[in-house]
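Engineer: Chains as they are written, first to last, in the working numbering: chain X, 1 to 301; chain B, 302 to 602; chain L, 603 to 903; chain A, 904 to 1204.
Worth flagging that the hints you see were computed from the coordinates, not collected in a lab. One should not assume that every hint holds.
[Claimed, not checked] As a list, the in silico DSSO-like pairs of lysine-lysine whose alpha-carbon atoms are at most 30 Å apart:
| id | chain 1 | residue 1 | chain 2 | residue 2 |
| --- | --- | --- | --- | --- |
| 1 | X | Lys290 | X | Lys277 |
| 2 | A | Lys1193 | A | Lys1180 |
| 3 | L | Lys633 | L | Lys669 |
| 4 | A | Lys1193 | B | Lys368 |
| 5 | X | Lys277 | L | Lys879 |
| 6 | A | Lys1193 | B | Lys578 |
| 7 | X | Lys31 | A | Lys970 |
| 8 | B | Lys368 | L | Lys633 |
| 9 | X | Lys31 | A | Lys934 |
| 10 | L | Lys892 | L | Lys879 |
[As the list claims (entries may be wrong)] Taking CB as the label site, the calculated pair distances span:
| id | chain 1 | residue 1 | chain 2 | residue 2 | range |
| --- | --- | --- | --- | --- | --- |
| 11 | B | Glu462 | X | Arg15 | 49 to 55 Å |
| 12 | B | Arg469 | A | Leu1172 | 52 to 58 Å |
| 13 | B | Glu462 | X | Ser126 | 25 to 31 Å |
| 14 | A | Gly1204 | B | His386 | 44 to 50 Å |
| 15 | X | Leu269 | L | Pro739 | 30 to 36 Å |
| 16 | L | Gly618 | B | Arg545 | 26 to 32 Å |
| 17 | B | Thr581 | L | Ser728 | 46 to 52 Å |
| 18 | A | Thr1183 | B | Asn564 | 34 to 40 Å |
| 19 | L | Gly854 | X | Arg124 | 42 to 48 Å |
| 20 | X | Asp6 | L | Thr887 | 54 to 60 Å |
| 21 | A | Arg1176 | B | Ala567 | 19 to 25 Å |
| 22 | X | Ala154 | B | Asp307 | 32 to 38 Å |
[As the list claims (entries may be wrong)] Selected chain X positions facing chain L (Cβ under 8 Å, derived; list incomplete):
| id | residue |
| --- | --- |
| 23 | Gly77 |
| 24 | Leu78 |
| 25 | Arg84 |
| 26 | Asn256 |
| 27 | Tyr257 |
| 28 | Gly260 |
| 29 | Ala262 |
| 30 | Ser265 |
| 31 | Arg274 |
| 32 | Leu276 |
| 33 | Ile300 |
None of the values given here were measured: they were computed from a predicted structure. Ideal placement from N, C-alpha and C gives every residue a C-beta, glycine not left out.
The chain contents come next:
4 protein chains.
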Amino acid sequence: MPLEPDQLAEIEALRGETYQTLRATVPGMEKHLYTPLSVLDHGFVRVIDYMGDDSAITQAARVSYGKGTKSVQNDEGLIRYLMRHWHSTPFEMCEIKLHVKLPVFVARQWIRHRTANVNEYSARYSILDREFYIPAPNALAAQSVVNNQGRGEALSGEEAERVLRYLRDDAMRCYDHYEEMIGQGGQQGLARELARMNLPANIYTQWYWKVDLHNLFHFLRLRADAHAQYEIRVYADAICEVVRDWVPAAYGAFENYRMGGANLSATALDCIRRMLKGETVTQETSGMSKGEWREFEGLIG
Amino acid sequence: MPLEPDQLAEIEALRGETYQTLRATVPGMEKHLYTPLSVLDHGFVRVIDYMGDDSAITQAARVSYGKGTKSVQNDEGLIRYLMRHWHSTPFEMCEIKLHVKLPVFVARQWIRHRTANVNEYSARYSILDREFYIPAPNALAAQSVVNNQGRGEALSGEEAERVLRYLRDDAMRCYDHYEEMIGQGGQQGLARELARMNLPANIYTQWYWKVDLHNLFHFLRLRADAHAQYEIRVYADAICEVVRDWVPAAYGAFENYRMGGANLSATALDCIRRMLKGETVTQETSGMSKGEWREFEGLIG
Amino acid sequence: MPLEPDQLAEIEALRGETYQTLRATVPGMEKHLYTPLSVLDHGFVRVIDYMGDDSAITQAARVSYGKGTKSVQNDEGLIRYLMRHWHSTPFEMCEIKLHVKLPVFVARQWIRHRTANVNEYSARYSILDREFYIPAPNALAAQSVVNNQGRGEALSGEEAERVLRYLRDDAMRCYDHYEEMIGQGGQQGLARELARMNLPANIYTQWYWKVDLHNLFHFLRLRADAHAQYEIRVYADAICEVVRDWVPAAYGAFENYRMGGANLSATALDCIRRMLKGETVTQETSGMSKGEWREFEGLIG
Amino acid sequence: MPLEPDQLAEIEALRGETYQTLRATVPGMEKHLYTPLSVLDHGFVRVIDYMGDDSAITQAARVSYGKGTKSVQNDEGLIRYLMRHWHSTPFEMCEIKLHVKLPVFVARQWIRHRTANVNEYSARYSILDREFYIPAPNALAAQSVVNNQGRGEALSGEEAERVLRYLRDDAMRCYDHYEEMIGQGGQQGLARELARMNLPANIYTQWYWKVDLHNLFHFLRLRADAHAQYEIRVYADAICEVVRDWVPAAYGAFENYRMGGANLSATALDCIRRMLKGETVTQETSGMSKGEWREFEGLIG
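Please construct the entire structure, taking both the sequences and the accompanying hints into account.
Structural biologist: Below, the structure is given as structure tokens:
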């Protein structure tokens, strides 16, 4: 993800100007501000702004006039209580704004999270750069044989080489034709809004994305999950690192109750009760389907 | 948009089963149900379901127990009043569900309308069909020379031919490699969620899209507008025809106040007042920028 | 909840007109349509319209052209899978519209569920009826001594009588003054939008409320829960009965995974694993707070 | 709006701590932070936090890496362009968090704006204060005789006195009984969640309210409008003053295009064109209803 010199200069300029503020301020986030965190081969996540901190969550939950005289420990207990009991509105009181550069096929998954604000780089007005995501060898996964949606082992040898050649060559050829069609060399040229349709989905786009902490946690739970596609998961992982620095107590509760936790059905809870009483429960006696039972065993095994 | 025989059979089966209902029912919509309206070269819009009619709007506005004894004329007057005064919630009481087949680059614009429900065909699980949007000759527009976002005249001659050749050949080659990479022929094959990234943005996707009438009007105002990209406008136009059959009074008010209407600034209103008093107002004396003045002249000229 | 004769006549008129439709139709819902289900002393829930059925969920999940050839059993399995894996968008493809009459303090909780469409009876335009919620003796609960938010035993004897007297007398007096202030008897009268502020929060209001099934399930999970306030829970319970008749497979999955299920933290899952291996885990060794441990014991005990 | 000494101390403490930040910072907003602006007799609006400034709008519209080298004048031109053409997403990139104290009947209107985050003081957990909105004499308006929703002249003399007496006495009596019912004096007491229903709608509540600038503008357009109820308009007016200090260019565009502007129908635009050509247009020849024509004359007269 090598930024252009003028982009780096703009970022340095922003990091060079310090202001005085009375707002809730988090030193760990000030370090992140504006600096890109590399993701994939050309992508990044940059924190552009943030609002609130752990205290802003409890302050709103209490509808208090100030920070209150409650200790940090009390705050953490309240945050865990709110997370456990699905009191989501206090977490909505924190907000973050990110600048993200990402392949189009990742952007298409990401945008499905509707409760967020987005401004995307417009390929109707502007010309896209020649930057495409080409998977690293260990990310060149085969289709899973057990799961329609999953990945198996990485391809290797000739098959891997052929795949990489196709991805690279097709991207380059499509981009060459894109450039030629929009006709920078004196011709009139095809409208940009049309020419862009020749570009494959591994081309990079970028956007400003702003979201509140509750909805960000929802995004992270789904996208930092082991079942999410690798190419979006690495973005979610990068954002997790940022959130840990931003609201450590809330992130801790999120990790414990959401990321590391699980939703058990009434049937599953009943099986646990029976097992704790000494009964041997099998898939056949569990009342679960085979798929459910496999997931259940994975959780408690 | 030639549907496969089994798809046509499924649609015919749906149109063959009639039910009794007490719900608000609109004969004009019953005719539309399930049947695809062709859009672009391979796309369509199909009405899958609808809730409510013109009366449902006034019934909700009045929070009434039944249809009320008000005449149709009163209903229409109330609907116009609600539209004029931006009372949007009664229009939210009608809902429509569409099945849409559309190119990916159109889908990317469409999805920006967040207040809707969407289920898209998944290229993580499933294999996309070999169907790409190739513009008709008269839609092969040049980049506008006056407007970054606009289109000029249609390209012609050799340039047009070259563009069409690029679009077709690149689509076919990318799809050939997509098929080869997912390896239907006995090999293991690249994961579908990865292989899809080789496909250009003119490939067709499809989704179920459900939206309330207020948000649909917002979508139509922006996307059936002359400034919208042609390829999404034709979808909006098709939907306008459906809505006209569904809620004629509401659609009439929408056409008069939104599609055919305009938002004038305080400055523009002041210019109109001055002009009506006989003053000759020019861009220089108007208080408007050149761009604004041009738009203003377009409205009142 | 005695409706006025003209209201009953309007409802009967609606139930008397049957239409032919090609839309998905659910016999169990046709029985509910328009008829009020009594809730509390003067409230009700009436189904005004609905869109979709169990098949509409799987149809959208598969983005299919028709109902598909899949069996009902396959549909149910898919619905359970979608619910278990938090695939929420297919459930958004069903929509319901209710007419609800409810006390203002219940309406204030209800409206916090933002992803819904609402048209409320306007006390700016119209005059509210003299109808107030007065709790039945067994609902006249004392403040819980262990839980700030909870209820204890029902009050009885003189205290109960005094409370009921206050609630009744204050409501009647406030309403008398409301009526007098708006001055129906020839005087000019205080503006209705002002006079209404003299009315206590147990007065009844009513609204049209439209919501998709996913967001309705979210509402029901929180409001049909044992910790919800009794006065909103009875509305949620009434709606549960309707939903069971509407989408039985989806409701079954909801009951098993959401209502009867539980979200366990990483810590709780770890405790279960230790207990299943024979370890005796106590609150002290569990890593949970006392409150969490109490909830955990309630689940698995 | 006399705050308690401990509340004032909390606010002073917050205003006493200054932090260094790299985030976009607006001096005019730093002055507002935490300090309550009085509204009505006991209400207030306090700015708790803000994100972004005018530059944040154009930065997002351009998806730029820094502030860009564009001049302030260019920024203002772009902001006006975005506002004029309903490009709403860049305005969503600014966010504000307010602490508001307001009467319940105002809160009930306010909450209808769904695209915002809210944490309200809970009368299930906590005891409400004895604070009620009693209109000032000039706000004691009569019902309008021409408009169901409007206000006429202020009441005066005996009628005004009687109204004020009712409002005060009923509020005090209801609150006395509320206190008595929750039984602070050793008895068990009615559950708070029930007792609150005896309180009239002019009692004050409070909440934290967080919203993006686009949705705030929508709120202000409707609630700072001359047709909005006076008691919510004064809150909107107070917020307008804050927004003017926060994002002066965006607020200027909002004033010109939204607050001071108007939406004209196709019919109205046609009338203007005819009038500018010298035709005398009357209501009868205008194609408008009487109500529409009256509004039209008000705009251009």
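Engineer: All the hints need checking, so say for each whether the structure fits it.
Structural biologist: Results for each hint:
Our distance criterion of 30 Å between C-alpha atoms is met by X:Lys290 and X:Lys277, whose separation comes to about 23 Å. For the proposed pair A:Lys1193 and A:Lys1180, the alpha carbon gap of about 23 Å is at most 30 Å, so the pair holds. Of the pairs offered as hints, the one joining L:Lys633 and L:Lys669 holds, with about 24 Å between alpha carbons and a cut-off of 30 Å not exceeded. Restraint check for A:Lys1193 and B:Lys368: the C-alpha separation of about 26 Å stays at or below 30 Å, so the hint holds.
Among the hinted pairs, X:Lys277 with L:Lys879 is consistent with the structure: their alpha-carbon atoms are about 12 Å apart, no more than 30 Å. For a cut-off of 30 Å, the pair hint linking A:Lys1193 to B:Lys578 stands: about 23 Å separates their Cα positions. A threshold of 30 Å between alpha carbons decides the hint, and for X:Lys31 with A:Lys970 the separation of about 19 Å falls inside it, so the pair holds. In summary, the hint linking B:Lys368 to L:Lys633 is supported, as the alpha carbons are separated by about 19 Å, within the 30 Å threshold.
A C-alpha spacing of about 26 Å is found between X:Lys31 and A:Lys934, which places the hinted pair at or below 30 Å, so the restraint holds. Our distance criterion of 30 Å between C-alpha atoms is met by L:Lys892 and L:Lys879, whose separation comes to about 23 Å. For B:Glu462 paired with X:Arg15, a C-beta distance near 51 Å keeps the hint of 49 to 55 Å intact. Between B:Arg469 and A:Leu1172 the C-beta distance comes to about 44 Å, which lies outside the given range of 52 to 58 Å.
Taking the beta carbon of each, B:Glu462 and X:Ser126 are about 27 Å apart, inside 25 to 31 Å as hinted. A hinted range of 44 to 50 Å for the beta carbons of A:Gly1204 and B:His386 is inconsistent with their spacing of about 19 Å. Under the hint 30 to 36 Å, the C-beta atoms of X:Leu269 and L:Pro739, about 35 Å apart, fit the expected range. A hinted range of 26 to 32 Å holds for the C-beta pair L:Gly618 and B:Arg545, which are about 29 Å apart.
At about 50 Å, the CB distance of B:Thr581 to L:Ser728 agrees with the hint of 46 to 52 Å. Hint check: A:Thr1183 to B:Asn564, Cβ distance near 26 Å, so the stated range 34 to 40 Å is violated. In this structure the hint that L:Gly854 and X:Arg124 lie 42 to 48 Å apart at CB holds, the actual value being about 47 Å. For the pair X:Asp6 and L:Thr887, the beta carbons lie near 58 Å from each other, so the given range of 54 to 60 Å is met.
With their beta carbons about 20 Å apart, A:Arg1176 and B:Ala567 fall inside the hinted range of 19 to 25 Å. Range check, X:Ala154 to B:Asp307: Cβ separation about 37 Å, and the 32 to 38 Å hint holds. Nearest Cβ of chain L to the Cβ of X:Gly77: about 7 Å, under the 8 Å cut. The hint holds. Evaluation of the X:Leu78 hint against chain L yields a violated restraint, the C-beta minimum of about 11 Å exceeding 8 Å.
Interface hint at X:Arg84: satisfied, since its Cβ lies 7 Å from the closest Cβ of chain L, which is below the 8 Å cut-off. Evaluation of the X:Asn256 hint against chain L yields a held restraint, the C-beta minimum of about 5 Å falling below 8 Å. Taken as an interface hint, X:Tyr257 checks out: its beta carbon lies about 5 Å from the nearest beta carbon of chain L, inside 8 Å. A distance limit of 8 Å between C-beta atoms decides the matter here; for X:Gly260 the minimum to chain L is near 3 Å, and the interface restraint holds.
A least Cβ separation of about 6 Å between X:Ala262 and chain L falls short of the 8 Å threshold, and the interface hint therefore holds. The beta carbon of X:Ser265 is positioned within 8 Å of a beta carbon in chain L (closest approach about 5 Å), and the interface hint is therefore held. For X:Arg274, the shortest C-beta to C-beta distance to chain L is roughly 11 Å, which exceeds 8 Å, and the interface hint is violated. For X:Leu276, the interface hint holds, the least distance from its beta-carbon to any beta-carbon of chain L being 6 Å, beneath 8 Å.
Annotation: interface hint on X:Ile300 holds; nearest CB of chain L at approximately 6 Å, less than 8 Å.
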